[in-house]
Amino acid sequence: MKMKRLFCILILSLMIHSVAFAQRMSVNAPSTVSVGEQFSIAYTINTDNVKNFHTPSLRGLDLLAGPFSSTYSSMQMINGRSSSSSSITYTITVMATRAGTFTVSPASAIANGHSVSSRTLSIKAVNGGHASAAARGRSVPSGGGGASVSRPSGGRGVSSKDLFVTASISKTNVYEQEAIVLTYKVYTLVQLQGFNNVTLPDFKGFHSQEMKLAQAGSLKPDNYKGRTYYSTVLRQFVLFPQQSGKLTLPSAHFDASVVKDVPTNDPFDAMLNGTSQVMVSKTLVTPPLTINVRALPGTRPANFSGGVGSFSIKAFAKSPIIKTNDALSIKLVISGIGNMKLITPPAMTFPGDFEAYDPKTTEQFALTSNGVSGTKTIEYLAIPHNPGKYTIPGVSFTYFDSRLNQYKTIKSNDIKVTIIKGNSNSASTNFTDQSGTRLLNRDIRYIKTGDAPMESRGSVFFGTVPYCLWYLIPLVLFITLLVLYRQKAIDNANVVKMRNKKANKVAAKRLKNAGKLMTANKQNEFYDEVLRALWGYTGDKLSISVSQLSKDNIESELIKRGAADDLTQDFLKVLDQCEYARYAPGDPNEAMDKVYTFAIDVISKMEDVIKQ
Amino acid sequence: MKRILFIIIIACISLSSYASSNQKSIADQAYGKGQYQQAMQIYNTLLKDGESADVYYNLGNCYYRTRDMAHAILCYERAHLLKPGDADIRANLALAKSKIQDKTVASSEMFFVKWYYDLVNLKSSDQWSRCAILSFILLLASISLYVFVNQIRLKKIGFGAAIFFLCVTIFSNIFSYHQKEALVDRSSAVVMVPAATAHSTPSESGTALFVVHQGHVVKIKDNSMKMWKEIQLEDGNIGWIKISDLEII
Numbered sequence: 000m001k002m003k004r005l006f007c008i009l010i011l012s013l014m015i016h017s018v019a020f021a022q023r024m025s026v027n028a029p030s031t032v033s034v035g036e037q038f039s040i041a042y043t044i045n046t047d048n049v050k051n052f053h054t055p056s057l058r059g060l061d062l063l064a065g066p067f068s069s070t071y072s073s074m075q076m077i078n079g080r081s082s083s084s085s086s087i088t089y090t091i092t093v094m095a096t097r098a099g100t101f102t103v104s105p106a107s108a109i110a111n112g113h114s115v116s117s118r119t120l121s122i123k124a125v126n127g128g129h130a131s132a133a134a135r136g137r138s139v140p141s142g143g144g145g146a147s148v149s150r151p152s153g154g155r156g157v158s159s160k161d162l163f164v165t166a167s168i169s170k171t172n173v174y175e176q177e178a179i180v181l182t183y184k185v186y187t188l189v190q191l192q193g194f195n196n197v198t199l200p201d202f203k204g205f206h207s208q209e210m211k212l213a214q215a216g217s218l219k220p221d222n223y224k225g226r227t228y229y230s231t232v233l234r235q236f237v238l239f240p241q242q243s244g245k246l247t248l249p250s251a252h253f254d255a256s257v258v259k260d261v262p263t264n265d266p267f268d269a270m271l272n273g274t275s276q277v278m279v280s281k282t283l284v285t286p287p288l289t290i291n292v293r294a295l296p297g298t299r300p301a302n303f304s305g306g307v308g309s310f311s312i313k314a315f316a317k318s319p320i321i322k323t324n325d326a327l328s329i330k331l332v333i334s335g336i337g338n339m340k341l342i343t344p345p346a347m348t349f350p351g352d353f354e355a356y357d358p359k360t361t362e363q364f365a366l367t368s369n370g371v372s373g374t375k376t377i378e379y380l381a382i383p384h385n386p387g388k389y390t391i392p393g394v395s396f397t398y399f400d401s402r403l404n405q406y407k408t409i410k411s412n413d414i415k416v417t418i419i420k421g422n423s424n425s426a427s428t429n430f431t432d433q434s435g436t437r438l439l440n441r442d443i444r445y446i447k448t449g450d451a452p453m454e455s456r457g458s459v460f461f462g463t464v465p466y467c468l469w470y471l472i473p474l475v476l477f478i479t480l481l482v483l484y485r486q487k488a489i490d491n492a493n494v495v496k497m498r499n500k501k502a503n504k505v506a507a508k509r510l511k512n513a514g515k516l517m518t519a520n521k522q523n524e525f526y527d528e529v530l531r532a533l534w535g536y537t538g539d540k541l542s543i544s545v546s547q548l549s550k551d552n553i554e555s556e557l558i559k560r561g562a563a564d565d566l567t568q569d570f571l572k573v574l575d576q577c578e579y580a581r582y583a584p585g586d587p588n589e590a591m592d593k594v595y596t597f598a599i600d601v602i603s604k605m606e607d608v609i610k611q
Numbered sequence: 000m001k002r003i004l005f006i007i008i009i010a011c012i013s014l015s016s017y018a019s020s021n022q023k024s025i026a027d028q029a030y031g032k033g034q035y036q037q038a039m040q041i042y043n044t045l046l047k048d049g050e051s052a053d054v055y056y057n058l059g060n061c062y063y064r065t066r067d068m069a070h071a072i073l074c075y076e077r078a079h080l081l082k083p084g085d086a087d088i089r090a091n092l093a094l095a096k097s098k099i100q101d102k103t104v105a106s107s108e109m110f111f112v113k114w115y116y117d118l119v120n121l122k123s124s125d126q127w128s129r130c131a132i133l134s135f136i137l138l139l140a141s142i143s144l145y146v147f148v149n150q151i152r153l154k155k156i157g158f159g160a161a162i163f164f165l166c167v168t169i170f171s172n173i174f175s176y177h178q179k180e181a182l183v184d185r186s187s188a189v190v191m192v193p194a195a196t197a198h199s200t201p202s203e204s205g206t207a208l209f210v211v212h213q214g215h216v217v218k219i220k221d222n223s224m225k226m227w228k229e230i231q232l233e234d235g236n237i238g239w240i241k242i243s244d245l246e247i248i
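The listed protein sequences correspond, in order, to chains A and B. In case it helps, numbering that gives the first Met the number 0 puts the first sequence at residues 0 to 611. In case it helps, numbering that gives the first Met the number 0 puts the second sequence at residues 0 to 248.
It should be emphasised that the hints constitute simulated quantities derived from the structure, not laboratory data. Just so we're clear, the structure is a prediction, and the values are computed from it rather than from any experiment. Just to be clear, a hint being listed does not mean it is correct.
[Stated by the list, open to error] From the structure, some residues in chain A lie toward chain B, with a derived Cβ separation under 10 Å:
no., residue
1, M347
2, I443
3, D450
4, P452
5, E454
6, V459
7, T463
8, P473
9, L474
10, L481
11, A580
12, Y582
13, D586
[As the list claims (entries may be wrong)] Derived pair list, reagent style EDC-like, types lysine to aspartate or glutamate, alpha-carbon separation capped at 20 Å:
no., chain 1, residue 1, chain 2, residue 2
14, A, K330, A, E354
15, A, K317, A, D357
16, B, K102, A, D357
17, B, K47, A, D450
18, B, K47, A, E454
19, A, K203, A, D221
20, B, K96, A, D442
21, A, K359, A, D325
22, B, K155, A, D400
23, B, K98, A, E578
[Unchecked claim] Listed next, the stretches of chain B that the computed footprint assigns to chain A, with coverage defined by at least 3 CB atoms under 8 Å from CB atoms of chain A:
no., segment
24, 85 to 92
25, 142 to 153
26, 174 to 183
27, 216 to 223
28, 232 to 246
Ideal placement from N, C-alpha and C gives every residue a C-beta, glycine not left out.
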């Protein structure tokens, strides 16, 4: 029994050995691939006893997945004799990142204790997606009866002929702010599962709005360059260029995942299991697009609202009669088609004493291929404080008419509102909270009109010869005058001097005389002399003859000449004293002395006041 | 022959002056219609032959309307220099200065210094000169009155007036001198580039000290170098700036 078993093993081992001799590692890989395309390399060994499978070194190629092993075994019974076979396949998914010819070194493994290795592979990577047996793809034109779709090309990868995304724009030559529709459409001949990762370009230089798609995701047959594909619109945008010049839309990247049938080499395998399916992911890149954006023709008006398209405006007041301190609401409706979102609302000018608030904007838009159509309603709010009838001027709205290719200004109608007095005790009824004039705005003052003589640069009158002459000539004239009439000047100066002297002298002389009489103690003569001095002096000074002098006219005359009141009173007092002192009791000498000094004092004071 | 020549010369002079005033009125009309560029051109050509405070002022208004504040300030400053007493020029200059990036700091001087400069700035150099000459002639007249008239009251008036006019003559001359210095020195400048960096030395390699922005009026401290000017700000900071960044007022 034991013997028999041993024999059996020997036979088997011999058999295996003989098989092992034939054991090889076969490779299945495309010879030509396109750059960026994922493809698989399958290593198959005809035994299931495999250890240490070494991935070959892939110089220049990126290993994306694997190695994945799949075991296959079969048993056959023919006429009572059974035979079995098994194989193991290692699959790696790789991708070429650049064009060129790549050499894949042999992969090695230990099969049934013997090391086996594959052959060296040479794979050519080319740019573009036409490599993998493009010729094999046969196009069937869509007939009248129904759409028949082209067959996908073979090969392990997904050809860019079988699956691609196009980016198309409705116009390449547009004006600034004119709407363009950008459409990303996918064309496929393979089993497209979906998109994992979508990287859209940043629409630099554009204002973009995405359109909602009606039937997203449903594939329909469509003809593209003579081949019929299943296609659908992936994303659609309306773009408004914001600047002129050549604008470039960069590529968009769509990472598609595709279910791909992997054909096996083994005919039995194919018969029993059909084809196996693998998930292949592929990055679809759209070519960059260039759009030529022209600046709007003509000079841009100062009050350009930024609107491009065709619009109409309408303004109305919610109610034409309102009370003071209630809100006045005026609605401006801009309707039309174009870049509605980018319109700056025109400013409404309210009368100065209205309290205006920031406008409120509501939008109702629908996106179409010509731009945004709909209405933009701007509600202006203001609170009037004073009753009256006011006309609010209509706003003018300037836009670029894309049909007429020119700027157009439309004006809304003026709005007449009547403000009636409200109930609240506002500023107009009682002015308890008065305020200064409210400054509405500050602006520069108006230009100076009329003639403006131009002077040569840097000409300054000061310090010039004419300037000096203006001093010199009058000075010379003055000196000449002075020299010519010097005698008159001298005389003039002397006459005055003499007169002064004389006037003083008369009074002085009389008073001196009085002084003498006082020392001689002649009372009556002294007083007479003092009186004479006083009367004479005033008579001379006021040019009134002594005979006509009286106390009354002296007083009035002195006041007329501007003498102080007390001086006049003093003067009259002296006169009185002179008349009464001689009869007064007491020391006559003391009284005379007092009158004498008083008289001198009054005359000297008078001298200051009355000068003719 | 001489007479004909004389007539031709007179005609030429009157014609040219008529042309310039005509040009100005055309520009004024253009400004009134809002054609600021056109008005600006005419004013600029007028200013090639000479200068006038009014034309500078109008040109400043044009620049203000086209939002070129640096040029507006430059023109207003020039107009102000020529006509320091004009209230319109001062108002517009102040408004233009409020529209630039750098805040203008009012110089903190003692009130009597400020009053003194306000008084000096009441009139231009020429106006002060005329005032001085007029008061000098009146001074001589007053002295004459004092010397030649024998009525004491008139003599007194003459004496008082002489002292008054002497003072006016002296001060007017001082003020006129001040104004002339300001006009001849032209020691202020306006920054014309969006941002100018002031360096510690007159070269690019110098340490950057501070940045002045467009429209800022700076004082020139050192005018001796050709390419670089030493400037002083209102707050006292001093630095060197390239002449290409500035425009002398």
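Status of the hints after comparison with the structure:
The closest approach between the C-beta of M347(A) and any C-beta of chain B is roughly 21 Å, which is over the 10 Å cut-off, so the hint fails. For I443(A), the shortest C-beta to C-beta distance to chain B is roughly 4 Å, which falls under 10 Å, so the interface hint holds. The restraint placing D450(A) at the interface with chain B holds, with a minimum CB-CB distance near 5 Å, inside the 10 Å limit. Evaluation of the P452(A) hint against chain B yields a held restraint, the C-beta minimum of about 7 Å falling below 10 Å.
For E454(A), the shortest C-beta to C-beta distance to chain B is roughly 5 Å, which falls under 10 Å, so the interface hint holds. Against a cut-off of 10 Å between C-beta atoms, the interface hint on V459(A) holds, since the closest Cβ of chain B lies about 5 Å away. This hint holds: T463(A) has a C-beta 9 Å from the nearest C-beta of chain B, less than the 10 Å allowed. Satisfaction of the interface hint for P473(A) is found here, the shortest Cβ-Cβ separation to chain B being roughly 5 Å, below the 10 Å cut-off.
Taken as an interface hint, L474(A) checks out: its beta carbon lies about 7 Å from the nearest beta carbon of chain B, inside 10 Å. Checking L481(A) against chain B: minimum C-beta separation of about 7 Å stays under 10 Å; hint holds. Contact between A580(A) and chain B, as hinted, is not supported at the beta carbon level, the nearest pair being about 35 Å apart and thus beyond 10 Å. At a threshold of 10 Å, the smallest CB-CB gap from Y582(A) to chain B is about 41 Å, leaving the interface hint violated.
Here the hint on D586(A) is broken, as its CB sits about 43 Å from the closest CB of chain B, past 10 Å. With a CA separation close to 17 Å, the supplied pair K330(A) and E354(A) stays within the 20 Å bound. With a CA separation close to 17 Å, the supplied pair K317(A) and D357(A) stays within the 20 Å bound. Simply put, K102(B) and D357(A) have alpha-carbon atoms about 29 Å apart, too far for the 20 Å limit, and the pair is violated.
As the CA atoms of K47(B) and D450(A) are separated by approximately 17 Å, the hinted pair is consistent with the 20 Å bound. Simply put, K47(B) and E454(A) have alpha-carbon atoms about 11 Å apart, close enough for the 20 Å limit, and the pair holds. At roughly 31 Å between alpha-carbon atoms, K203(A) and D221(A) are farther apart than 20 Å, so this suggested pair is violated. Pair hint K96(B) plus D442(A) holds up; C-alpha atoms about 12 Å apart against a cutoff of 20 Å.
In summary, the hint linking K359(A) to D325(A) is supported, as the alpha carbons are separated by about 17 Å, within the 20 Å threshold. As the CA atoms of K155(B) and D400(A) are separated by approximately 85 Å, the hinted pair breaks the 20 Å bound. Proximity of K98(B) to E578(A) is assessed by CA-CA distance (about 88 Å); at most 20 Å being required, the pair is judged violated. Note: the segment 85 to 92 of chain B has 3 residues with beta-carbon separation from chain A under 8 Å; the three-residue rule is met and the coverage holds.
Judged by the Cβ-Cβ criterion of 8 Å, the segment 142 to 153 of chain B is covered by chain A as claimed, because 7 of its residues qualify and three suffice. Note: the segment 174 to 183 of chain B has 6 residues with beta-carbon separation from chain A under 8 Å; the three-residue rule is met and the coverage holds. Evaluation of the coverage hint for the segment 216 to 223 of chain B: breached, as 0 residues show C-beta separations to chain A shorter than 8 Å, against a requirement of three. By the rule of at least three residues with a Cβ nearer than 8 Å to a Cβ of chain A, the coverage given for the segment 232 to 246 of chain B is violated, with 0 such residues.
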